[in-house]
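What follows is the residue order along each chain.
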Amino acid sequence: MKIAAKLNKNLPNDFEKQRSKELLSFRSAIDFGITATALTIPRSGMETWMTDQTEICRCEGLTRIEVEREIENGAATPNAVKSGSRCGMGPCGGRFCQESLAILTGSLTGKTRDEIGLSTARSPLRPVAISDIAPDLDYEDLPIPGVSPL
Amino acid sequence: MIETYDITIIGGGIMGCGAALQVAAAGMKSLVIDQGDIGQGASGVNAGTLSLQIKRVKLMPYAIKGHALWEEMGADIGFQKTGGYTFAFNDREEKLLHERMILKREAGANITFVSMQDVAEKEPEMTKSIVAASYCPDDGYANSLLTGQYYRKQLKNTEVDYLENSSVIAIEPVDLGFEIFTDGACYKAKRILLACGGWLKSAASMLGVDLPVQARVNTVSVTERAPRLMNSVIGHATGLLTMKQKENGTILIGGGWQGKGKPSEGRGRVSMETLIPNLQLAKFVVPALSSIRIVRSWTGFEANVPDFYPLAGRLPGYENAFVLGCVRGGFTIGPYISKLMGDFILERETEMPLFDPSRDFTIPCFP
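Note that the protein sequences, when read in sequence, are chains A and B. First residue of the first sequence? That's 1 in our numbering, and the numbers climb one at a time after it. First residue of the second sequence? That's 1 in our numbering, and the numbers climb one at a time after it.
The set of hints was computed from the structure by calculation and includes no laboratory data. Where hints are given, some of them may not hold.
[Stated by the list, open to error] DSSO-like, lysine-lysine: derived pairs with alpha carbons at most 27 Å apart:
no.: 1; chain 1: B; residue 1: Lys246; chain 2: A; residue 2: Lys111
no.: 2; chain 1: B; residue 1: Lys122; chain 2: B; residue 2: Lys246
no.: 3; chain 1: B; residue 1: Lys246; chain 2: B; residue 2: Lys81
no.: 4; chain 1: B; residue 1: Lys95; chain 2: B; residue 2: Lys122
no.: 5; chain 1: B; residue 1: Lys156; chain 2: B; residue 2: Lys128
no.: 6; chain 1: A; residue 1: Lys111; chain 2: B; residue 2: Lys153
[To be verified] Each pair of labels, with its calculated beta carbon distance range:
no.: 7; chain 1: A; residue 1: Glu115; chain 2: B; residue 2: Lys262; range: 23 to 29 Å
no.: 8; chain 1: B; residue 1: Phe181; chain 2: A; residue 2: Gly146; range: 52 to 58 Å
no.: 9; chain 1: A; residue 1: Glu72; chain 2: B; residue 2: Glu172; range: 35 to 41 Å
no.: 10; chain 1: B; residue 1: Val114; chain 2: A; residue 2: Leu150; range: 18 to 24 Å
no.: 11; chain 1: B; residue 1: Thr112; chain 2: A; residue 2: Glu140; range: 24 to 30 Å
no.: 12; chain 1: A; residue 1: Gly110; chain 2: B; residue 2: Lys128; range: 55 to 61 Å
no.: 13; chain 1: A; residue 1: Trp49; chain 2: B; residue 2: Gly266; range: 32 to 38 Å
no.: 14; chain 1: B; residue 1: Ser205; chain 2: A; residue 2: Val147; range: 46 to 52 Å
no.: 15; chain 1: B; residue 1: Ala120; chain 2: A; residue 2: Glu140; range: 20 to 26 Å
no.: 16; chain 1: A; residue 1: Thr37; chain 2: B; residue 2: Phe181; range: 42 to 48 Å
no.: 17; chain 1: A; residue 1: Leu39; chain 2: B; residue 2: Val114; range: 57 to 63 Å
no.: 18; chain 1: A; residue 1: Leu39; chain 2: B; residue 2: Ile169; range: 41 to 47 Å
no.: 19; chain 1: B; residue 1: Ser358; chain 2: A; residue 2: Gly110; range: 43 to 49 Å
no.: 20; chain 1: B; residue 1: Ser291; chain 2: A; residue 2: Gln18; range: 37 to 43 Å
Backbone N, C-alpha and C define an ideal beta-carbon position, used for all residues, glycine too.
Construct all of the structure, not just a fragment, from the sequences and the given hints.
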């Protein structure tokens with residue numbers, strides 16, 4: 001309302017009523033989100049009911065059995081499994097799969113979730129177009145450091 | 001009683017594993033210890049370029065041998081011989097390209113200068129601002145992500161013991177060898193090889209030796225899967241850009257731009273001050289990269305000594321301690337120089353000379 005006053009805009013008469021209605025549906029959306037997340041979040045014990053074909057990494061299309069093969073072949077940490085299988089190396093940066101990967105790696109190597117940890121996060125947080133971070137420039141302005149030794 | 005190994009190797013990258021495989025094949029009971037996972041340091045996070053065009057002239061014979069070994073490792077390590085171009089964009093770079101590539105050709109690399117028309121036909125997505133180009137059909141890349149998986153398997157097959165995620169906290173010279181202490185355990189070995197890259201300085205200091213090792217913090221970025229924008233490995237006359245598009249469509253962008261941090265801090269950090277010009281240069285060379293998204297950027301430590309030649313030989317002052325690292329082009333040369341190192345430890349004659357870590361680093365290595 002303060003913004004509207006600043007902009008010299010008139011608000012409709014039932015603004016307050018509309019606002020509380022919007023807020024209410026917004027809150028129930030948040031509640032739904034929290035509940036859905038709580039129900040679907042990867043958790044310890046999931047390895048007991050997942051099938052071999054359960055998809056772990058959506059970006060790279062990796063199933064449980066493919067990820068576990070890497071662990072059985074000797075990869076002992078989430079970083080090692082990620083590197084060998086590409087689990088978590090797609091556009092989501094592992095946001096969706098790294099918890100599941102930690103749980104699977106822990107359960108097969110006999111470590112707790114805390115001991116096993118997560119794979120190393122890499123920047124950027126979300127994929128970013130090269131043009132959005134690297135502006136055009138005149139080639140001669142490029143700050144090229146000294147050349148490598150011959 | 002603690003079992004005594006014939007050799008313990010500190011560092012499970014290409015250097016350490018390669019040397020372990022060579023000595024174990026000759027019957028030495030070997031143990032590899034790494035502070036992280038096998039092949040997950042510089043060996044596993046570098047851009048994977050196998051380019052003779054970016055190798056130092058004096059190291060070319062080693063790089064050619066290394067190349068051949070990567071080719072033998074083949075599909076297991078994602079080896080691709082795509083050929084590679086190096087581009088110059090102004091007169092200064094053209095002169096540099098000619099001078100350097102002629103010397104590298106004389107040193108044995110199959111490098112030719114090619115026309116702009118040839119580049120336009122083979123690599124249509126490249127900028128039209130290229131003024132000179134060289135080409136090497138032997139250039140290509142391997143998938144450094146698979147280094148750990150590959151060497152872990154080789155160590156198992158060769159019955160080399162390995163210990164991952166264990167930091168060595170002390171090394172004590174004792175009668176007939178060394179005691180190596182990790183957090184909670186002690187191992188005995190008749191010989192020791194330090195092959196821990198960026199951490200060589202701290203490992204050597206455990207034996208009272210000060211090696212003049214510094215670490216560069218090289219930055220690499222990878223894009224999302226993109227339509228085919230390049231077929232070969234792409235390089236820059238100054239060495240400040242490497243690009244390749246993997247079979248899955250992702251494009252790796254490197255070139256040795258420096259991030260921040262020190263090995264003692266664990267891992268390096270990407271610096272926006274160098275990442276931006278790195279990407280600007282990539283986008284300049286391949287304009288269509290503009291709309292492609294970067295998915296990850298990271299750094300790896302590349303160790304070096306003041307003359308930028310390898311350390312490969314006895315640790316100064318020790319008969320049975322050895323050091324291998326600081327190779328400059330270590331990914332390409334690693335599989336070969338580590339075999340030589342193994343032969344040296346086995347007291348065999350090495351096929352090519354090694355690089356004495358006791359040398360005076362202020363005097364040119366190759367007078």
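To see whether the hints hold, each was checked on the structure:
Under the criterion of a C-alpha separation no larger than 27 Å, the hint pairing Lys246 (chain B) with Lys111 (chain A) is inconsistent with the structure, at around 34 Å. Taken as a hint, the Lys122 (chain B) and Lys246 (chain B) pair is honoured in the structure, with Cα atoms around 17 Å apart against an allowance of 27 Å. This hinted pair checks out: Lys246 (chain B) and Lys81 (chain B) have alpha carbons roughly 12 Å apart, not beyond 27 Å. Among the hinted pairs, Lys95 (chain B) with Lys122 (chain B) is consistent with the structure: their alpha-carbon atoms are about 23 Å apart, no more than 27 Å.
As the CA atoms of Lys156 (chain B) and Lys128 (chain B) are separated by approximately 50 Å, the hinted pair breaks the 27 Å bound. Using a Cα cut-off of 27 Å, the hinted pair Lys111 (chain A) and Lys153 (chain B) holds, with the two alpha carbons roughly 22 Å apart. Take Glu115 (chain A) and Lys262 (chain B): their Cβ atoms lie about 27 Å apart, and the range 23 to 29 Å holds. About 41 Å separates the C-beta atoms of Phe181 (chain B) and Gly146 (chain A), a value inconsistent with the hinted range of 52 to 58 Å.
Distance hint check for Glu72 (chain A) and Glu172 (chain B): the Cβ-Cβ separation is about 37 Å, which falls inside the suggested range of 35 to 41 Å. For the hinted restraint 18 to 24 Å between Val114 (chain B) and Leu150 (chain A), the CB-CB distance of approximately 21 Å keeps it satisfied. In this structure the supplied range 24 to 30 Å holds for Thr112 (chain B) paired with Glu140 (chain A), their Cβ-Cβ distance being about 28 Å. Our hint of 55 to 61 Å for Gly110 (chain A) and Lys128 (chain B) holds, since their Cβ atoms are close to 59 Å apart.
About 37 Å separates the C-beta atoms of Trp49 (chain A) and Gly266 (chain B), a value consistent with the hinted range of 32 to 38 Å. Checking the proposed 46 to 52 Å range against Ser205 (chain B) and Val147 (chain A) shows it is violated: the Cβ atoms sit about 32 Å from each other. As the Cβ distance of Ala120 (chain B) to Glu140 (chain A) is approximately 23 Å, the hint placing it in 20 to 26 Å holds. Distance hint check: the CB atoms of Thr37 (chain A) and Phe181 (chain B) are about 45 Å apart, consistent with the given range 42 to 48 Å.
Remark: the range hint 57 to 63 Å for Leu39 (chain A) to Val114 (chain B) is upheld by a beta-carbon distance near 60 Å. Leu39 (chain A) and Ile169 (chain B) have their C-beta atoms about 45 Å apart, which keeps the hinted 41 to 47 Å range intact. At about 45 Å, the beta-carbon gap between Ser358 (chain B) and Gly110 (chain A) stays in the expected band of 43 to 49 Å. Distance hint check for Ser291 (chain B) and Gln18 (chain A): the Cβ-Cβ separation is about 40 Å, which falls inside the suggested range of 37 to 43 Å.
Hint compliance for this structure: hints 1, 5, 8 and 14 are broken, all remaining hints hold.
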